[in-house]
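K.L.:
Construct the complete structure from the given sequences, taking the supplied hints into account.
There are 2 protein chains.
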Amino acid sequence: MPRYAYVNGRYVAHGEAAVHIEDRGFQFADGVYEVVTVHAGKLVDEEGHLRRLDRSLRELQMPWPMSERALRLVMRQLIAKNGIGDGIVYLQITRGQAPRDFKYPKGVSPTLVMTTRFMNLDPVEQLNHGVKVITIPDIRWKRRDIKSVALLPQAMGKQKAAEAGAFEAWQVDDEGFITEGCSSNAWIVTDEGVLVTRHASNDILNGITRQSLIRLAESAGIPFEERAFSVAEAHAAREAFLSSATTYVTPITQIDEHKVGEGVPGALAGKLREAYLSYARSEGAS
Amino acid sequence: MPRYAYVNGRYVAHGEAAVHIEDRGFQFADGVYEVVTVHAGKLVDEEGHLRRLDRSLRELQMPWPMSERALRLVMRQLIAKNGIGDGIVYLQITRGQAPRDFKYPKGVSPTLVMTTRFMNLDPVEQLNHGVKVITIPDIRWKRRDIKSVALLPQAMGKQKAAEAGAFEAWQVDDEGFITEGCSSNAWIVTDEGVLVTRHASNDILNGITRQSLIRLAESAGIPFEERAFSVAEAHAAREAFLSSATTYVTPITQIDEHKVGEGVPGALAGKLREAYLSYARSEGAS
Chain A
68 MPRYAYVNGR
78 YVAHGEAAVH
88 IEDRGFQFAD
98 GVYEVVTVHA
108 GKLVDEEGHL
118 RRLDRSLREL
128 QMPWPMSERA
138 LRLVMRQLIA
148 KNGIGDGIVY
158 LQITRGQAPR
168 DFKYPKGVSP
178 TLVMTTRFMN
188 LDPVEQLNHG
198 VKVITIPDIR
208 WKRRDIKSVA
218 LLPQAMGKQK
228 AAEAGAFEAW
238 QVDDEGFITE
248 GCSSNAWIVT
258 DEGVLVTRHA
268 SNDILNGITR
278 QSLIRLAESA
288 GIPFEERAFS
298 VAEAHAAREA
308 FLSSATTYVT
318 PITQIDEHKV
328 GEGVPGALAG
338 KLREAYLSYA
348 RSEGAS
Chain B
68 MPRYAYVNGR
78 YVAHGEAAVH
88 IEDRGFQFAD
98 GVYEVVTVHA
108 GKLVDEEGHL
118 RRLDRSLREL
128 QMPWPMSERA
138 LRLVMRQLIA
148 KNGIGDGIVY
158 LQITRGQAPR
168 DFKYPKGVSP
178 TLVMTTRFMN
188 LDPVEQLNHG
198 VKVITIPDIR
208 WKRRDIKSVA
218 LLPQAMGKQK
228 AAEAGAFEAW
238 QVDDEGFITE
248 GCSSNAWIVT
258 DEGVLVTRHA
268 SNDILNGITR
278 QSLIRLAESA
288 GIPFEERAFS
298 VAEAHAAREA
308 FLSSATTYVT
318 PITQIDEHKV
328 GEGVPGALAG
338 KLREAYLSYA
348 RSEGAS
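For the record, the sequence lines run as chains A and B. Residue numbering for the first sequence follows this note's numbering, beginning at 68 and increasing consecutively. Residue numbering for the second sequence follows this note's numbering, beginning at 68 and increasing consecutively.
Calculated directly from the structure, the hints in this document are not laboratory data. You may find that some hints are simply not true.
Note: identical chains are not told apart, hence a pair may lie in one copy or across any two.
Here are the computed lysine-lysine pairs in the DSSO-like style, where the Cα-Cα straight-line distance is at most 27 Å [what the hints assert, rightly or not]:
#1 173 x 199
#2 209 x 227
#3 170 x 326
#4 148 x 173
#5 148 x 326
#6 199 x 109
Note that the coordinates shown come from a computational prediction; the quantities given were computed from them, not determined experimentally.
P.N.:
Structure (structure tokens):
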């Protein structure tokens, strides 16, 4: 457990970091969050995360809790205080504390909490053997583009995955197309070698790692299509992988009861992971 | 502000009532709640609320935080400590505090918090003139039958209502049928005098006041249909009203830009409110 957390202007012992029971994050899921990877002490894709945070806040008519510059500073101070080399910063902003009433309260200061965690960013077992995913119905709300803390359906989905011995659950829309994982974006490589991931819309969260991977794939001249793909297409894919801030690119070797390709991590996934790691160490780091 | 809140086994000063920032209610909306009306110091429809609470917990594989008997006692003690005559008890149960990870943690105790509030259960202005509702798209998840704290879409809807000078927003499904309000059930009376409210399913929360009203309407021999109704049908209705634990039966005199009936509270709504009040004072009180 890290030593310090940040709560509304103070660095406090992690075990004592608390919010009021009438915080709107607790009573209404009225808040947003970001998870930023720390690699060798540096933030990865910080710009992308802050731009998305700003968008989530605007969509919910929620103000920044402090200037962007101050927020960047707090992230760095917390990383330093907790001595994080490889790990993550988790930051959450809620509309603040107010007597319980659905509509947005007036004159309330937003709540800002921040934690860090050490994390092994190079999980050898997962990378050597790949992970399993299952498919489940997507039961979420219609504004999945907002990175809100209303994460109950995702928690239910991840629990289903865990009970099935899987790493992640890919959610499937009413038309049979995969939207995304519960905490990661979904990718396949078709038999023709085309890289495919679902287009950004209200149906998915536009992952920051996802966006960087698209840029890297295009730079590398990899054939790429941004479109919905079906469960059947995923089952028949040559490769599959997932992406997120904390897992980078993680190969998938089983989807439901179907072995992906030869049942070993795919070459393109490996290539993209290397490209992302290289990027995360250089121009993506700050 | 009431003096005391209840948090995990202790009665604490309301201003100091807090949960950890890694409570799953705060980070994942992984919790459920109930609001029980207190009328003249007695709980209204307590049985119904506890049965629904039990169902919500089971659907989320969440244990009770204490025995049902103990929970009933805590509600009464908090009401007494805070001297509540007319008002509400708000109780929230979350999966508890654990290092952030989507899937359900093991060996964690649930969090139980409880607050009370004084409330005027007889708001003369609303009852004499009726309230306005607007219609908005229903963007919520597909398990609206679970009374979870993942209430962000409802908060957004209530905010839209407030900005439109309305009391409530009725949510409309993809087929143009009204599901329910953001914190209340929706009812109309057709031109033929038939009382209509949407049937219980995963599409709505099955209100406890709603269920009591159905029983009372049937006892009174009021023609009743439990079915979906469209926005057009609502606009053309003779009467409309909403129901919830705190508003009982509240007449609606305007839906969007349409005056309901003659633009005054309806007779049937008034009759049902009286019947519910009478019930809440006698066999519905405990």
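K.L.:
All the hints need checking, so say for each whether the structure fits it.
P.N.:
Hints and how they fare:
1. 173 x 199: between (46 Å within a copy, 22 Å between copies)
2. 209 x 227: both (21 Å within a copy, 17 Å between copies)
3. 170 x 326: between (48 Å within a copy, 24 Å between copies)
4. 148 x 173: neither (34 Å within a copy, 29 Å between copies)
5. 148 x 326: neither (44 Å within a copy, 61 Å between copies)
6. 199 x 109: Neither: 30 Å inside a copy, 53 Å across copies.
The structure fails to meet hints 4, 5 and 6 from the earlier list, while all remaining hints are met.
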